[in-house]
Amino acid sequence: MEKTVNQKAWFLVLPVLLLVAFSAVIPLMTVVNYSVQDSFGNNQFFWWGIGWFEELLHSDRMWSALWRQLAFSAIILAIEVPLGVFVALNMPKKGFWASFCLVLMSLPLLIPWNVVGTIWQIFGRVDIGLLGYTLAALGIDYNYTQDAVDAWITVIVMDVWHWTSLVALLGYAGLQSIPDAYYQAAKIDQASRWKVFRYIELPKMMGVLMIAILLRFMDSFMIYTEPFVVTGGGPGNATTFLSIDLVKMALGQFDLGPAAAFSLMYFLVILLISWVFYTVMTNLEKREG
Amino acid sequence: MAKITLDNLAHSYLPNPASEDDYALKELNHDWVDGEAYALLGASGCGKSTLLNIISGLLQPSQGRILFDGQDVTHAPTAERNIAQVFQFPVVYDTMTVRDNLAFPLRNRGAKADYIAQRVNSIAQMIGMEAELDRKARGLTADAKQKISLGRGMVREDVNALLFDEPLTVIDPHMKWELRTQLKALHHQFGHTMIYVTHDQTEALTFADKVVVMHGGRVVQIGTPQELFERPEHTFVGYFIGSPGMNLLPARIDGTKAYVDGNEIALGRAYGGVQGNVQIGIRPEFARLSDEGLPVKVRRVEDVGRHKIVRAEFMGQALNIIAEEGEDIGADKTCVVFDPAHVNVYADDWRVNGEAA
Chain X
1 MEKTVNQKAW FLVLPVLLLV AFSAVIPLMT VVNYSVQDSF GNNQFFWWGI
51 GWFEELLHSD RMWSALWRQL AFSAIILAIE VPLGVFVALN MPKKGFWASF
101 CLVLMSLPLL IPWNVVGTIW QIFGRVDIGL LGYTLAALGI DYNYTQDAVD
151 AWITVIVMDV WHWTSLVALL GYAGLQSIPD AYYQAAKIDQ ASRWKVFRYI
201 ELPKMMGVLM IAILLRFMDS FMIYTEPFVV TGGGPGNATT FLSIDLVKMA
251 LGQFDLGPAA AFSLMYFLVI LLISWVFYTV MTNLEKREG
Chain R
1 MAKITLDNLA HSYLPNPASE DDYALKELNH DWVDGEAYAL LGASGCGKST
51 LLNIISGLLQ PSQGRILFDG QDVTHAPTAE RNIAQVFQFP VVYDTMTVRD
101 NLAFPLRNRG AKADYIAQRV NSIAQMIGME AELDRKARGL TADAKQKISL
151 GRGMVREDVN ALLFDEPLTV IDPHMKWELR TQLKALHHQF GHTMIYVTHD
201 QTEALTFADK VVVMHGGRVV QIGTPQELFE RPEHTFVGYF IGSPGMNLLP
251 ARIDGTKAYV DGNEIALGRA YGGVQGNVQI GIRPEFARLS DEGLPVKVRR
301 VEDVGRHKIV RAEFMGQALN IIAEEGEDIG ADKTCVVFDP AHVNVYADDW
351 RVNGEAA
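Taken in sequence, the protein lines are chains X and R. Position one of the first sequence corresponds to residue 1 (full-length UniProt numbering), numbered consecutively onward. Position one of the second sequence corresponds to residue 1 (full-length UniProt numbering), numbered consecutively onward.
FYI, nobody ran anything at the bench for these hints, they're computed from the structure. Being a predicted model, the structure only gives us computed values, none of them experimental. From the three backbone atoms N, C-alpha and C, an ideal C-beta is built for every residue, glycine too. Errors might be hidden in some of the hints.
Below, computed lysine to any residue pairings styled on SDA-like, alpha-carbon distance capped at 20 angstroms [what the hints assert, rightly or not]: (1) X:Lys286 to R:Leu140; (2) R:Lys26 to R:Gly216; (3) R:Lys210 to R:Ala185; (4) X:Lys187 to R:Arg81; (5) X:Lys187 to R:Asn82; (6) R:Lys136 to X:Gly207; (7) X:Lys94 to R:Leu14; (8) X:Lys187 to R:Ala79.
So the derived list for chain R, only partly shown, Cβ under 10 angstroms to chain X, looks like this [as the list claims (entries may be wrong)]: (9) Pro77; (10) Ala79; (11) Arg81; (12) Ile83; (13) Phe87; (14) Gln88; (15) Tyr93; (16) Phe104; (17) Asn108.
Just chain X, with the same shape it has in the complex (with noise of 0.2 angstroms):
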């Protein structure tokens, strides 16, 4: 049989790429306009080429806020992940504490970034903070706005509280659709609790949790609102954060071509590792299979 050859099909593609170019295409392209000029003020521009991108390679700023921005999210997916899996396997299965624990893990997400900062940043402070006031009393040496330690400690602390949940409820919901005929049976192979998780629920909650994973990822490594209103990514710049350095050096220091090369940096990392973290994740699960 022949094939007809219409060409005019493509232009039924072309309402999603008009939509695509104004949604990202061609904010995209202004961000890498700015990144290749310079400029004085006054609305001169320059051509200043793959200047901006070689001095940000070479800058330890920006290599200090990617170490600190790496640290930050493995630790908290290093805490999230294992805690909200624990918290998955401990909830109840059925009943009204079932619901009830669901609407209680739901509440942490349910709080604005700012306002989540805007909570710990006074639960931790010394003179009127419950956590801050508590500590001190108890004689413990707290302060986080001058000791990077404890600067750090608020920051994770802060987003394991507002973010387990998500892990937890992924997981929950992992957990609900494995039948009860597998505990049954697992109870008569007389297989541990440890067995029980290693070869029954984890793998049921596998898919999921790569999903948790991927995005507690992905939002980590994007933070900006809850560290910056708690620390203002200090002490000295102890949890400056990429986001909140770039922030910095497009708003505070308006510079807008080193802004401009390190969004493209920024997004291309978060690319590339995301992208390592699907294709790991995905063959894992083939492997498996």
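The hints should help you fit chain R onto chain X, whose structure is shown.
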């Protein structure tokens, strides 16, 4: 292997059962003889699975005791009862290989490696999965997965009993027959006590030495396939077993005669005063079309191969009759004759045992 005794056993899913209707499983006393193959037969929701789960310890009964060889295990956990159970839907450990799946119950009990290898190989041979032993269980067909489940149930030699909860539901018909034959062979070889839950009468009657028929949470009859066929103790057994089931006709009983709408039907035995809702039950196999006897109207004849099923109308009620394959059903066959020895009498659904006439 053990004798399993149910003593005064009953179960309700409600915390405070008030009336008998609240019980999913009504009071029951029964001995499961060591080494016999039983089928638990009944419609969906009749309490079969409840009973099975109580025996395996997945469920605690609300009253009564379970004894294994005289030892009370009512509150013993599943693991201590040393029982194997196969469920309706396949349960396999997806991330393990078929080999590891089969070895799992043995490994958990700390068996020796060479013993495990030997058992796994013989089970794999039995379920015909030797070639797939090193495959991951994930991605296998439902058939194959259920075969693994069966294999996992049979891999331990020392189990007290093997329980099957409608295990062949997802298996295709050819394989069903083969696996059932293998289960039977296994039973002959090792003599495990087997309890096989099913709602399929063919499955029950071909598999078991004794069939336990359940209805509405109650055991209505326990007997060999032949007993269930010839002397159903309850009308439910009558119409649930057999295809088509037993004909039930409201009747009045007087000594060795039954009267349906004034028509006299001879009975094989003599009955005294039968009270309540009285019915007579006649299996289609024991009714015969004839040119003399009681008048019937033939509605339809279904040829099912080995015999014909005649759907007829008798005194305004549906009546099924089985006719021989070669039998000619002519226009003169307007009457029905019943075999008096096989007419059973029921009062309020329970069979009444008459005296020899």
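message: So, against the hints stated earlier in the document, which numbers end up violated here?
response: No hint contradicted; all consistent.
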